[in-house]
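Chemist: Given only the sequences and the hints, what does the whole structure look like? Please build it.
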Amino acid sequence: MKPTTSKKSIGLLCILVASLFASMVSNRTPVTAAPNAVGWGQAQLVAAGALKNLHSDVVIDANGKTHITWIRLAASTSDPSEVMYTNNVSGTWLNPYIVNGNAGHGADPFVSMAIEGNRAHIIFINFEGFAVHRYITFSASGITPSVATVLSSTKSSTPEIIADRTGKIHAFWGDRRASSAAQIIHRIWANGAWETGTGGRVVRNDGSNQKYPRATATADGNIHLTYLGDAKFPYLIFNGTTWNVSNNLDSGKVKIASLTSKGNTVIAVYSMAPSTHIVYYKQGTNGTWSNRVQLSSGTSYDEFPAVTYNDQTDRVYATWLSGPGDTAQALVAQEINPGIAFNPIQTIDAAIVGRAWPQIETRGGLVTAVWHHRTSSNQPFNVYRIDGNTGGQPVATETPTLSPTPTQPPVDFTLTRSSASPSNNPNVGLTITNMIGNPDQMRVSTTAFTAQSASPAWEGLNTSKTVNTGAGVTSCVTAVYVQLRNSSNGGVSSVQAVSASIDSAIQSTPQIYTMETAPSARPASLEQVQSQPFAPDRVSEKYTRNMTFAYTIAQETGGCSGITRHKAGPFVVNGSSYPYTGFSAFDRFVTGNDSSGTGFEEQTVNATVILTDTLGNQSTTTKQFTYDDDAPVLTAGGSISLPNGANTNVSVIPLEFTAVVTDDGFMNSAPADKRYWGVWVVATTSSTFPAPQDFLQYGDVIGLGDGTNRVDYVRLVNALTGTQSGTRFVHIRFLDGAGNYTETGLTSQAITLQPNYTGLPNYLPLIYKYQ
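When the letters of the sequence shown are read in order and numbered with mature numbering (1 follows the signal peptide of the UniProt record, and there is no 0), they come out as residues -33 to -1, 1 to 738.
Keep in mind the hints are simulated off the structure, nothing from the lab. Predicted model only: the values in this text are computed from it and were never measured. Careful, some of the hints might be misleading.
Each computed EDC-like pair below joins lysine to aspartate or glutamate, with the alpha-carbon atoms no more than 20 Å apart [to be verified]: (1) 222 with 173; (2) 590 with 623; (3) 178 with 95; (4) 509 with 407; (5) 199 with 75; (6) 432 with 407; (7) 178 with 217; (8) 220 with 75; (9) 641 with 710; (10) 178 with 197; (11) 534 with 523; (12) 220 with 173; (13) 249 with 217; (14) 509 with 554; (15) 222 with 197; (16) 122 with 46; (17) 135 with 187; (18) 32 with 278; (19) 222 with 75; (20) 135 with 162; (21) 122 with 75; (22) 249 with 278; (23) 122 with 49; (24) 534 with 554; (25) 199 with 217; (26) 178 with 278; (27) 590 with 504; (28) 122 with 95; (29) 199 with 173.
Here are the computed distance ranges between Cβ atoms for each label pair [as the list claims (entries may be wrong)]: (30) 75 with 18: 53 to 61 Å; (31) 616 with 266: 55 to 63 Å; (32) 457 with 431: 22 to 30 Å; (33) 612 with 543: 38 to 46 Å; (34) 62 with 314: 29 to 37 Å; (35) 62 with 31: 15 to 23 Å; (36) 664 with 147: 46 to 54 Å.
For every residue, glycine included, the Cβ atom is placed at its ideal position computed from N, Cα and C.
Modeler: Take a look at the structure:
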C-alpha cells in the first residue's frame, strides 16, 4: 500500500489549512523556508548490467518497506524486454525478480506500480503493444506472482496505476479503440478482479493524442486525472461512475505533470517550455486552481517532475532533473509546506551524462527517489535509488531497518495446496504445516483481504481444509487466502495465499464465417468451381455460395488448461497450436442437382466447431447459413435516373433505379419482384456494359435496405476511368445475399463530370449491410 497521501495513495486523511492559497497569489510569490529540509543519503545502485535498466517506479508500503519496479530492456527491438521487481520486505533487498519476460520497448515509461495490502500491482506494455497487469503477493518469506491479465484491446502506451482509499486499483493507459489518436482508458480492480464488460472506459475522447496520464485519489473518494493533451494539461474528476471535465491544469507548451493529494486538495507539479524548460507548482480543489508558482530557476533546463505527499510530516516532496541542458542534469528535490512555504532546492545527486524519469515516494520518516542514468554515453543505463530522512539527518546506511521484535511470539505457518491443478473440480484442498505461535483459529476467503481486515470471520483451525472456490466457468485462475490467529494473546500471522487453476468449462468461443465474409484469405485448394467465378465477397453473413466455411479459435484464458484438439464439421484436428484459423465442410450438404435452378439445391447448412481441452471439457458452437448458388434474374426494361442531373462537378453522386429482380433462393421482406440484397456498381467511360471482371476489380459492393431503389454514393472516378473529367456511365448488377449477381444489368445515361471537380476521386469507404 502506498502512503495514505502519496501520488498513488489509498487514504488521504489530512485537512487543508485555512490559509491554503494565502501565499500563492502570483507566479513570483515570495517563499520562506520550512523548518526541516530532507537529509539525503548517497545514491545506491538498484540494477546494472550489460542491458539497459530504465523506467523505474517506487512505492513504500504501510509497513515502511520499499518496492521498486523497472524495465530491463532487450538488446534488440526484435526481442521482448523484462519487467523487474525488488523489495526490502524481509529486511534485505530481494534478488531482482522477473515479473514478466514479454515486455515491449520505448523511450516513454511503460511500467507503473501501486500497492494494495500485501500486493504490488504492476501495469506495463507488453511486446505486442497491449497494456498488461500482474500483481505480486509479498511477505517476509518471499513473493508469489499472479497470472498476467491483458487489459487493453488495441496498441497501448504510457500506463499509470494507483490505489484509492478504499483499496480499489485504478489503471490508466492510452490506446486507440475510440480514435486514430491515443485516448486515455480507465479500468478498475475491486474485490480481487478487474471490472468486466467494458474493457475499460474512455476518459475523454477529444480527438487529440493523449499520453502520460497522472492520477491521484482524494479523501472524498474521487479520482483526479491529468494528461498531456493538445497544448494543455486537461483535468478530469471521476466520481465513482462518471468522468467529469473540469478546468485545465494549465495550457501552452506543456510537457510532463505529476499529481498527489492532501485531504481533498490536489497538488500538481509540472513542466512547461515557454523558452527553456521550467517546473511549476499548483494546488486546487475540484478544479479551482491556485496561481502557479515557479519552482525552478527559469535559467536552467528543468524537466521530468514527480511529486508525493506525506501525511505524517504534512509536507510535499518534489523531484526533477535540473542542469544546463537535457544531457547533463542533476537530480534535485524540494520540500514544500502546501500553500504556505517552500524550502530551498536541494541537489541530491550530481550531474550525469544521461538521466531521465525520476519517481518519488514518501511515508513516515522516509523519502525515496528512483531514476535511471549512465556515467558515460557509451554505457548502458542503470537504475538507482536515493533515500532521504524527513527529519533532516542524512540516512546513515542503505540497509533497511528491520521491524522491531514483536512482544508476542509471532504466528506463522506454511500453506500448500493438496488438490490437483489444473482441475475441473472447484474444491481446492489446503494443507497447513510448520505452525509457530500456537494458532488455534483461522479465516479463509477466495477474496483477498489484509491482516487487519474486519472480515472474513474467524473459525476453528483446520490443518486439512477443503474450500469450494466456485471458479472455473468464466475464468480459471483462482486463489485462496488464509490467516491464522492465536486467540489467547491476539497474535496473528500474515495473510498467505495459494493459487489453483480450476477449469470446468472452455473459455474460448470459436468465430464462424462464410467463405465470403472470412477475415483471412481462403486457400486456393478450397476454391470450388462456381457458375459465377467472379462473384464478389463482402456480402450477407447469413448466405453463402460455398460448400465450406471458415473459422477461428482464440487462445484459452491465461491459466486455463488449454485446447488440445478440435473438430470442425466432419474433420478432427489434433496437435495444433492456438490461436488457430481453419476451413471445413458443412456438417450436412445435399449434393443433388437443383430442381429449379443451376448447381445444387438451395438449403440450410450448419457449421459446427467442437473444442476439447486437456481436462476433457468440451464446447460446441454451431452457426446456420443458407446455401444459394442461383443468380438473381433482372427482367428487361429497368432504368437508372439521376436525381442531381447529368452534369456534375462532384465525383460522388446519388442515383435511383427502377428494376424487377427475382430470386428463388434469396429471401427478404421485400416483394418478390424486389428480391435483391444490394447492388454491384461501377463507373466507366463507355456505355458498353462491363464484364464481371471489371465489376470485381473496379466496382463497389453496396448493401441496400429491403426493396430500396436508391444508392446514395456512386463513384465516378476509379482506376478504370482515370482521374480526368469527361463522360461517365454508371452500370449496375444486382446481388443476392450470397454474392450471386444478375447476368444483365442497367446502364445510366451519359454523365458529364466537369473539370476541376471536387469530392473523393481516389477513395470511398465501402458500405456494408449485414442481415
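Chemist: Each hint: holds or not?
Modeler: Right, here's what the structure says about each hint:
no.: 1; hint: 222 with 173; result: holds, 19 Å
no.: 2; hint: 590 with 623; result: violated, 36 Å
no.: 3; hint: 178 with 95; result: holds, 19 Å
no.: 4; hint: 509 with 407; result: violated, 64 Å
no.: 5; hint: 199 with 75; result: holds, 19 Å
no.: 6; hint: 432 with 407; result: holds, 14 Å
no.: 7; hint: 178 with 217; result: holds, 15 Å
no.: 8; hint: 220 with 75; result: holds, 18 Å
no.: 9; hint: 641 with 710; result: holds, 16 Å
no.: 10; hint: 178 with 197; result: holds, 10 Å
no.: 11; hint: 534 with 523; result: holds, 16 Å
no.: 12; hint: 220 with 173; result: holds, 19 Å
no.: 13; hint: 249 with 217; result: holds, 9 Å
no.: 14; hint: 509 with 554; result: holds, 16 Å
no.: 15; hint: 222 with 197; result: holds, 11 Å
no.: 16; hint: 122 with 46; result: holds, 17 Å
no.: 17; hint: 135 with 187; result: holds, 14 Å
no.: 18; hint: 32 with 278; result: holds, 17 Å
no.: 19; hint: 222 with 75; result: holds, 13 Å
no.: 20; hint: 135 with 162; result: holds, 11 Å
no.: 21; hint: 122 with 75; result: holds, 14 Å
no.: 22; hint: 249 with 278; result: holds, 18 Å
no.: 23; hint: 122 with 49; result: holds, 18 Å
no.: 24; hint: 534 with 554; result: holds, 11 Å
no.: 25; hint: 199 with 217; result: holds, 6 Å
no.: 26; hint: 178 with 278; result: violated, 29 Å
no.: 27; hint: 590 with 504; result: holds, 19 Å
no.: 28; hint: 122 with 95; result: holds, 8 Å
no.: 29; hint: 199 with 173; result: holds, 12 Å
no.: 30; hint: 75 with 18: 53 to 61 Å; result: violated, 18 Å
no.: 31; hint: 616 with 266: 55 to 63 Å; result: holds, 59 Å
no.: 32; hint: 457 with 431: 22 to 30 Å; result: holds, 25 Å
no.: 33; hint: 612 with 543: 38 to 46 Å; result: violated, 59 Å
no.: 34; hint: 62 with 314: 29 to 37 Å; result: holds, 32 Å
no.: 35; hint: 62 with 31: 15 to 23 Å; result: holds, 21 Å
no.: 36; hint: 664 with 147: 46 to 54 Å; result: violated, 29 Å
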